[in-house]
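Protein chains in written order, with our numbering: chain A, 1 to 204; chain B, 205 to 426; chain C, 427 to 660.
Since the hints were derived computationally from the structure, they do not count as laboratory data. All values derive from a computational prediction rather than experimental measurement. We treat Cβ as the ideally placed atom computed from N, Cα and C, and that holds for glycine. Some hints could be false.
[Said to hold, decoys possible] Derived list of chain C stretches under chain A, where covered just means 3 residues or more per stretch with a C-beta under 8 Å from a C-beta of chain A:
hint : segment
1    : 514–522
2    : 536–548
[Stated by the list, open to error] Straight-line C-alpha distance at most 27 Å; calculated BS3-like pairs for lysine-lysine:
hint : chain 1 : residue 1 : chain 2 : residue 2
3    : A       : 54        : B       : 235
4    : C       : 660       : A       : 3
5    : C       : 660       : B       : 342
6    : B       : 424       : B       : 411
7    : B       : 235       : A       : 12
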Amino acid sequence: MWKIKATNITQKFNNRLIFRDISFELNSGESLVITGPNGSGKTTLVRIICQLLKPTAGTVRFYHQDRPLAPEQLYPVIGLVGPYLQLYNSLTALENYKFFARIRGLPVDIRYFRQLMDRLGLKGRELDELRTYSSGMLQRVKYVMALIHQPVVLILDEPTSNLDEKGTEIVYEIMEEQKKEKILILATNEPGEIQFGEKQIRVA
Amino acid sequence: MGLNKDWWKYFLGVWMVLIILGAFLYAPPAKVLGDTARILFFHVPCAWIATLAFLISAIYSVKYLRKPDLEFDLKASTAAQIGFLFTVLATITGSIWAKKIWHSYWNWDPRETSIFILLLIYAAYFALRSAIEVQEQKARLSAVYSIIAFVTVPFFIFIIPRIYQSLHPDPLINPEGKIKMDARMLRVFLGSLGGFTILFYWIYRLKVEVARLKIIQLEKEE
Amino acid sequence: MNREKSSLARSRFALLSNAYYIFQKDLQLEFRTRYAVNAIFMFAITTLTAVSFSIGPARLKSMVLAPLLWIVLFFSAMSGLAHIFVREEEQQTADTLRLVTRPSTVFLGKWFFNLVLLFSLELVIVPLYVVMMNFSVANVGAFLLLLFLGSIGLASVATVIAAIISQAGTRGALFAVLSFPISLPILISAIHGTRLTIDGALFSDCLSDLQVLFSFSVVIITISLMLFDFIWRK
Chain A
1 MWKIKATNIT QKFNNRLIFR DISFELNSGE SLVITGPNGS GKTTLVRIIC QLLKPTAGTV
61 RFYHQDRPLA PEQLYPVIGL VGPYLQLYNS LTALENYKFF ARIRGLPVDI RYFRQLMDRL
121 GLKGRELDEL RTYSSGMLQR VKYVMALIHQ PVVLILDEPT SNLDEKGTEI VYEIMEEQKK
181 EKILILATNE PGEIQFGEKQ IRVA
Chain B
205 MGLNKDWWKY FLGVWMVLII LGAFLYAPPA KVLGDTARIL FFHVPCAWIA TLAFLISAIY
265 SVKYLRKPDL EFDLKASTAA QIGFLFTVLA TITGSIWAKK IWHSYWNWDP RETSIFILLL
325 IYAAYFALRS AIEVQEQKAR LSAVYSIIAF VTVPFFIFII PRIYQSLHPD PLINPEGKIK
385 MDARMLRVFL GSLGGFTILF YWIYRLKVEV ARLKIIQLEK EE
Chain C
427 MNREKSSLAR SRFALLSNAY YIFQKDLQLE FRTRYAVNAI FMFAITTLTA VSFSIGPARL
487 KSMVLAPLLW IVLFFSAMSG LAHIFVREEE QQTADTLRLV TRPSTVFLGK WFFNLVLLFS
547 LELVIVPLYV VMMNFSVANV GAFLLLLFLG SIGLASVATV IAAIISQAGT RGALFAVLSF
607 PISLPILISA IHGTRLTIDG ALFSDCLSDL QVLFSFSVVI ITISLMLFDF IWRK
């Protein structure tokens, strides 16, 4: 049983208020969607949830069986896909996979990696450097790297940007699967994606 | 009219006048260095204030990293500014003395080299601050730099001048840790140290207050 | 539950192995793009050629030879050592890295990469310097130790300053402004010691220079490791 609890998150940049007093609670099997106009701070909130940014005030805590997790215990828990989160473009997909698997302390399992690549429709591109990928394929390969450790909390910022119909379908499938027993957080304004969130937060 | 809360400012004015008179009239000339040694009553306090100010800057930087409150950043940068000013003053007074004793304003004596590098290191601190726009980021990164800069300070005060055999007199910072001074000189010297320290406190308070008012003004304009 | 336990047990040993993976990844990237290597070696060879050409067959004294060697090494190194952090920020891979491993592993990996880069620079430049500048050292052992400790010091300063400036706006100029003053104690001792070794001083004569280099490096590495969390985490 996992839980995320955010209390009164407030963020300011240069004394300009981005948002204030955002609170929510999410348990395993629940999902949250963050909506709001461009520039309202959706990405900022996502970065705070992932501990990539310290909020001006408030806290985000992760719990496992009601025990709070220390920051260094979060690496295996979180998987994030976002437009500001890039992979190593001069390395091949396989080299990227090997690096992220090793650094996460996972066994390098080529078969499992192939399966993930197949699932995202990238079969046969394992040995190509990522800079030869199209932007839609880059978005797909980001999902591969975000899923290799089967994260308990999957956070997707603009989940289907650059994706075609087929890609969008695959991502919807992944989202559906994630919210069954684990936790899913989306930051999006797409009407088709908002329905994936049982809870909703609007930043403005 | 009783004592108002600013009494210590008047006291400091009188005190510093007494120190100047004492430095030139009361204290005897030093044994070897003669009358030139009188500059120590001003040169050493400047160096002391510089070190103290950099220390305060480092302390507020640590505080900022522990609790990101921009008030700490303001104090850290103010202290560094005053530290820089007093390092310049120590350099100038030292250079005047060097002209008298070593017949040249600048000789790259290890102590001169050290203080020059120290000036560069803290000049870089202000360059860093002016290069970052987001306040929180500026505060965080310059706090880190201020701490790194301060841990190098002992190298410049103690280690490099010792290893490369400076000709700089060492009545204060010497390996034996003894103060080699005549009693009357010592009195004036300690008085000057005290006076400069209060002066520093005053400048520091004023500058922090001014910086605070500027921030409030900016917030109002927005 | 099982997975959580194993990940906890692992974290104790993960520091060094993760630092190594980051080093390995950066080496792989460097082999593909050769950005830092090109900058550093072109800079070094060009400067060395210019210096050697203008001096011609003249035999220089240790007073000139020692600083020239370190100036060539220092400026070439500084032209490329910031790249290791700037690349992660510019290509937006820094956040990806922040999500998978602890800050100290990143610092150690990148520090080691910069150190290896510096050593390989010296491996090429010092022999060239010997050939082109009639450079000969009387006390080779002490000279190599100076080179070794000096590199550790420079790599440490460059790595921590690179981490700081990679998050600021105007990166290129700022790296020089911040890293040069802090490197000066290293340069001064290294040049002083090198001069002595050229003239055939005993090991004990260079001891004070070696002590400064060693203690300065230890201080910088320690404070960098202590503060790196605050640089790396926004």
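Apply the coverage criterion to the segment 536–548 of chain C and chain A: a residue qualifies when its Cβ sits closer than 8 Å to a Cβ of the chain, and three qualifying residues are needed. Since 0 is below three, the answer is violated.
Residue 660/C and residue 3/A: Cα distance at most 27 Å? The given pair, whose Cα atoms are some 24 Å apart, holds under the 27 Å limit.
Please verify whether residue 660/C and residue 342/B have alpha carbons no more than 27 Å apart. Holds. Residue 660/C to residue 342/B sits at ~11 Å (cutoff 27 Å).
Below or equal to 27 Å on CA atoms is what counts here, so check residue 424/B against residue 411/B. At roughly 20 Å apart (the allowed maximum being 27 Å), residue 411/B and residue 424/B satisfy the hint.
Against the 27 Å threshold, does the CA-CA distance of residue 235/B and residue 12/A hold or violate the hint? 62 Å, violated
Decide if the proposed pair is consistent with the structure: residue 54/A and residue 235/B, CA atoms, cutoff 27 Å inclusive. 60 Å, violated
Annotated coverage of the segment 514–522 of chain C by chain A, confirmed only when three residues or more have a Cβ within 8 Å: holds (count 5)
Consistency with the previously given hints fails for numbers 2, 3 and 7, ordered from lowest to highest.
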